[in-house]
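J.: For this one, chain A is given, so just place chain B on it according to the hints.
One letter stands for each residue in the lines below.
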Amino acid sequence: MSWLTGVMAALLRCSAGLLPADRRVWADALLAEAGAVPAGRHRLAWLAGGVRLTVREAALARRLTYPLAFAAAAVGTAWSAWSGPAGDPAIVPNRVGVIALAVILAGLPWAIRRVRGPAAGGRAVRLVRTGGYAALLPWS
Amino acid sequence: MAYRSGFSAQTLAVLADLCATPSRWRHGYGIARDTGLKSGTLYPILIRLADRGLVEARWEDEQPAGRPRRHLYRLTPDGLAAAAAALAQAPSTDGTPAGDRVQGRRRVAAG
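Residue numbers (our numbering), protein chains in the order written: chain A, 1 to 140; chain B, 141 to 251.
Just so you know, these hints were derived from the structure itself, not from any lab. Glycine included, every Cβ here is placed at the ideal spot set by N, Cα and C. Nothing false has been slipped in among the hints.
FRET-style restraints, in silico, Cβ to Cβ:
#, chain 1, residue 1, chain 2, residue 2, range
1, B, Asp218, A, Ser83, 52 to 62 Å
2, A, His42, B, Gly193, 30 to 40 Å
3, B, Ser163, A, Gly107, 52 to 62 Å
4, A, Ala119, B, Asp191, 23 to 33 Å
Chain A extracted, bound-state conformation:
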């Protein structure tokens, strides 16, 4: 049980990194409190609640929503491009194209964020970003 508690504590520390700075203090607080909780299943449940808290707060802060939506879209696109009759010469270029597109779509925002800083908030910006991704999906 103690190893599982250690794993859960590590998971909580990692997931706390998903939170905005003003929310991270709450995950730290929950983690600091874990030492006071009786060892065993009570402490494990306490830490599991902390992981649930961080995931929910990260989702509310949209830090989890976009990566998850992107991952789901990338998996769906890859799955649709991966299938095909064996020996079809178009399959390999298709697969390479899908992988390249996914890498570009994931890497470009990351690279731009490093150079220009985070994108502005607001509904219009989100719509443009989501629309851009959606427009690229049929093309892929």
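T.: Below, chain B alone, put in the same frame as chain A:
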């Protein structure tokens, strides 16, 4: 379930617990133990209450030996007023007005 005050039953339980000893700084596990709430339920409530300025939070001043510093919570004056109003409106399960329950807990804590 949300009551007329807009607070859920769990939030009211947290408010009642903090209201029982309003001047005392409480730690998360103590509140969880008193209210029976799990950490995944309690901390989101504390976060929302802190966002609304009803609960204030701070870390322990000194580093205790053998354990990390704990995060402490108590009601702000606004929180105390909001809690008293919400608890007075909330239905009780034992037929006792919620406000009386809080007063009773205060008496126990003071005694």
